[in-house]
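Protein sequences appear in the order of chains A and B. Residues 1 to 404 in my numbering are what the first sequence spells out, letter by letter. Residues 1 to 327 in my numbering are what the second sequence spells out, letter by letter.
Quick caveat, the hints were computed from the structure, so don't treat them as lab data. Where is the CB? At the ideal position from N, CA and C, for every residue including glycine. Accuracy of the hints is not assured; some may be wrong.
The calculated label-pair distances, taken between Cβ atoms and stated as ranges, are [said to hold, decoys possible]:
{"#": "1", "chain 1": "B", "residue 1": "278", "chain 2": "A", "residue 2": "191", "range": "38 to 44 angstroms"}
{"#": "2", "chain 1": "B", "residue 1": "3", "chain 2": "A", "residue 2": "280", "range": "53 to 59 angstroms"}
{"#": "3", "chain 1": "A", "residue 1": "113", "chain 2": "B", "residue 2": "27", "range": "57 to 63 angstroms"}
Derived coverage of chain A by chain B (criterion: at least 3 residues anywhere in the stretch with Cβ under 8 angstroms from a Cβ of chain B; other residues may be distant) [claimed, not checked]:
{"#": "4", "segment": "261-272"}
{"#": "5", "segment": "330-339"}
{"#": "6", "segment": "346-357"}
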Amino acid sequence: MHVGGRSRLRRLRHGAGAVVSGAVAPVGRPVRIDQVIPSIVERDAVSHHTLEAQRVLRGLGFVSEIYALTMGPEMAGRVHPLSELPREQGGRQWVCYQASIGSPAAEAVAEHPGPKLLDYHNITPAELVEQWMPSLGDEVRLGRVQLAELAPAVLLGVGDSRYNTRELESWGYERTRVSMLMVDRTNFDVAPDPVATARLSALARAEPGADWLFVGQMIPHKAHHDVVAAFAAYREAYEPSARLHLVGRDSCPAYALGVRRYVEVLGLDDAVEIAGSVSAGELAALYDSCDVYVCCSDHEGFCAPLLEAMHHGLPVVAYAAAAVPETVGDAGVVLDTKAPAAVAAAVRRVLTDDGLRHRLVAAGRQRADSFSLERARADFAAAIGEALAIAEGARPHPTAEASA
Amino acid sequence: MSLAEEILSEAERIRHDGSLPPGFEDRLSATFSEIAADPRALEAEVALRSGQRGAPSGSPSPRGLGALASRSVRAGRRLATRAAYRARRRAGPVLRVAERRAIEAASHALEASSTNLQVVADSTRRRLAATWPGRTFGRISAGASVPRPPVPRALRLDAAGHLGDEVLDRVIEERVARSPVLHADSGDGRLVERLRAAGLVAEGTDPQGTGACRRAALEALAGEPKASLGGIVLSGVTDLMTPSRARALARLAASRLAPGGAVVVLSTAPSGAAAADPVAADLGPGRPLHPVTWSHLLARAGLEEISSCTSADGAAYAVSATAPVRS
Numbered sequence: 001m002h003v004g005g006r007s008r009l010r011r012l013r014h015g016a017g018a019v020v021s022g023a024v025a026p027v028g029r030p031v032r033i034d035q036v037i038p039s040i041v042e043r044d045a046v047s048h049h050t051l052e053a054q055r056v057l058r059g060l061g062f063v064s065e066i067y068a069l070t071m072g073p074e075m076a077g078r079v080h081p082l083s084e085l086p087r088e089q090g091g092r093q094w095v096c097y098q099a100s101i102g103s104p105a106a107e108a109v110a111e112h113p114g115p116k117l118l119d120y121h122n123i124t125p126a127e128l129v130e131q132w133m134p135s136l137g138d139e140v141r142l143g144r145v146q147l148a149e150l151a152p153a154v155l156l157g158v159g160d161s162r163y164n165t166r167e168l169e170s171w172g173y174e175r176t177r178v179s180m181l182m183v184d185r186t187n188f189d190v191a192p193d194p195v196a197t198a199r200l201s202a203l204a205r206a207e208p209g210a211d212w213l214f215v216g217q218m219i220p221h222k223a224h225h226d227v228v229a230a231f232a233a234y235r236e237a238y239e240p241s242a243r244l245h246l247v248g249r250d251s252c253p254a255y256a257l258g259v260r261r262y263v264e265v266l267g268l269d270d271a272v273e274i275a276g277s278v279s280a281g282e283l284a285a286l287y288d289s290c291d292v293y294v295c296c297s298d299h300e301g302f303c304a305p306l307l308e309a310m311h312h313g314l315p316v317v318a319y320a321a322a323a324v325p326e327t328v329g330d331a332g333v334v335l336d337t338k339a340p341a342a343v344a345a346a347v348r349r350v351l352t353d354d355g356l357r358h359r360l361v362a363a364g365r366q367r368a369d370s371f372s373l374e375r376a377r378a379d380f381a382a383a384i385g386e387a388l389a390i391a392e393g394a395r396p397h398p399t400a401e402a403s404a
Numbered sequence: 001m002s003l004a005e006e007i008l009s010e011a012e013r014i015r016h017d018g019s020l021p022p023g024f025e026d027r028l029s030a031t032f033s034e035i036a037a038d039p040r041a042l043e044a045e046v047a048l049r050s051g052q053r054g055a056p057s058g059s060p061s062p063r064g065l066g067a068l069a070s071r072s073v074r075a076g077r078r079l080a081t082r083a084a085y086r087a088r089r090r091a092g093p094v095l096r097v098a099e100r101r102a103i104e105a106a107s108h109a110l111e112a113s114s115t116n117l118q119v120v121a122d123s124t125r126r127r128l129a130a131t132w133p134g135r136t137f138g139r140i141s142a143g144a145s146v147p148r149p150p151v152p153r154a155l156r157l158d159a160a161g162h163l164g165d166e167v168l169d170r171v172i173e174e175r176v177a178r179s180p181v182l183h184a185d186s187g188d189g190r191l192v193e194r195l196r197a198a199g200l201v202a203e204g205t206d207p208q209g210t211g212a213c214r215r216a217a218l219e220a221l222a223g224e225p226k227a228s229l230g231g232i233v234l235s236g237v238t239d240l241m242t243p244s245r246a247r248a249l250a251r252l253a254a255s256r257l258a259p260g261g262a263v264v265v266l267s268t269a270p271s272g273a274a275a276a277d278p279v280a281a282d283l284g285p286g287r288p289l290h291p292v293t294w295s296h297l298l299a300r301a302g303l304e305e306i307s308s309c310t311s312a313d314g315a316a317y318a319v320s321a322t323a324p325v326r327s
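Please build the complete structure, drawing on both the sequences and the hints.
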């Protein structure tokens, strides 16, 4: 064996350096627009977006299938293995890459002979994860390299926030467009689990106090530890009987253990509930029962849980990282610092200032409504329309103009 | 005053009016920094907890680390229990031999299937230490941090794509720290260049995968004076091994290592080779060995501190060992 010859990373790196196929020059209207996604599973915002995008594409009259490198068992029959991605020459077959991580799937997109679209959901910066997950650090770093290399071959780069499209532009994407994440908010309207509701009510009755909520995978850049620190400051300064509920699967077991250890060391075992992954009904019960949603995440390309919190009428206090200010708008308290005292003071203000809280709840619901699925679908359809216009030569690509 | 300014003003108030004890926020930050200072130790603890819980076989865990360690611990326990049962049925000196073999087998099973986290149950470690004084089996116990020698960072292979697996990188980084180093089957020599960049004196032989050249690589190793090398990296030559050739190579490497020097065997996993080309795997002149086999051979050749790890995708592994330092 030559050193590292068969390693996964090497394959990934090969992907980064692969020859990128597919013309950007005017190519005409396609017959089919397929989507490629590294991984597709249930209860994942990008996965749902991809399924919605398929509906939109089919609605526009295109043949459209989804091809994934890995998929959850529930996707069988709806998604095809990436190895089956058709590669017909002639430009009548397009491919849309749903990007959120470095992956060999980018290699398949790069080598696809047809025109390409990129739908970018952002990639976590390596420096936020590599201390805890060195291999993930490599993957996300690679993801940025792969997307930068795809830039010359992509007709249109779509991002679900302006923050995302700015990043695409920094890599050389000359045509970009913001298109909202397609989130079916009817999925948020699940009946609260009665057992969970009863449990939370009993807790509140036993010891009245504010309930904080944060929803996100236990992964370093979500910064659960900062929420815990702010919560500790809040209890110390204002309300010793407050409780914190952290919901989300352990995607980085070492970090999750670190957060648990932190909670123990701070003596907050009885006040902080680390619920892990919960059912939709249990989550709905938490949204209904909690008093404030607190997000100290260091990086979010969109942050669907913020939308869900606003949908449920939960006031939001959030740290202004990445696309968070865009998602929250003026419907929450967005802080430029996540110093524990500042976050604690913000939560206190939201919970004690009735006028502010009512305004935030109303604005939050309005904000959530503005991300309606209908509007997001129309956005995506408009993005496809713009790409078609580019392809049909109505708006030739700048590089094509330059070479003419 | 804007809402943000009012909030920041309130934060200042609770910092200074005694609502928060002096230095409270600094202590919060320092506490988590201390916990987060060694993520590898937390990983080891997660792995051990996972093993102790006895998760169902094949149950997935994030990144597979927990399941891997769980399997290794279960495998070790099975072997130890089986051997202890056999040992109890015997008497006198036979019992000691059987126990020793059981413990060695358990240790090898643990090491072969774990990642770079050499998780060894404390009880097993104590028995090992009592049975074979002066030898070490695995280096990390639950929750302990991994001591890493101060090897230059340049040794980690990066953009060139060689090694290309963080786990295998770390084996080289940890174990190969002395000059001179010989890399048998060095390919295009980039690893050798990296070793040199790290301040080591390194040479490579370049078999290009042919049988004749592979022999040349081994001849180059045989041509080195005994106990002269600080490090040996074996790759490529290890992909097609017959039992006798493997035993000879382990003995040869052990004999050429200076005291304290390290050998690292990098090889394709047998399952990966069989999946990639079953015909070659069945009919070829040799085959890749399991990591436990290399552990066994290196131990039989008198080397110590044997550890092994697999790449993230399970397709490759590294087994490393150190020549004993006799005082």
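Q: Confirm or reject the claim that residue 278/B and residue 191/A have a C-beta distance inside 38 to 44 angstroms.
A: violated, 53 angstroms
Q: Count residues of the segment 261-272 of chain A with a Cβ under 8 angstroms from any Cβ of chain B, then say if the count reaches three.
A: It holds: at least three residues are needed, and the segment 261-272 of chain A offers 4 whose Cβ sits within less than 8 angstroms of chain B.
Q) If you look at each residue in the segment 330-339 of chain A, do at least three have a Cβ nearer than 8 angstroms to any Cβ of chain B? A) holds (count 5)
Q | Cβ distance range 53 to 59 angstroms for residue 3/B and residue 280/A, holds or violated | A | violated, 33 angstroms
(Q) Looking only at beta-carbon atoms, does the pair residue 113/A, residue 27/B fall within the given range of 57 to 63 angstroms? (A) holds, 59 angstroms
Q) Are three or more residues of the segment 346-357 of chain A within 8 angstroms, CB to CB, of chain B? A) holds (count 4)
Of the numbered hints stated above, those contradicted by the structure are hints 1 and 2, listed in ascending order.
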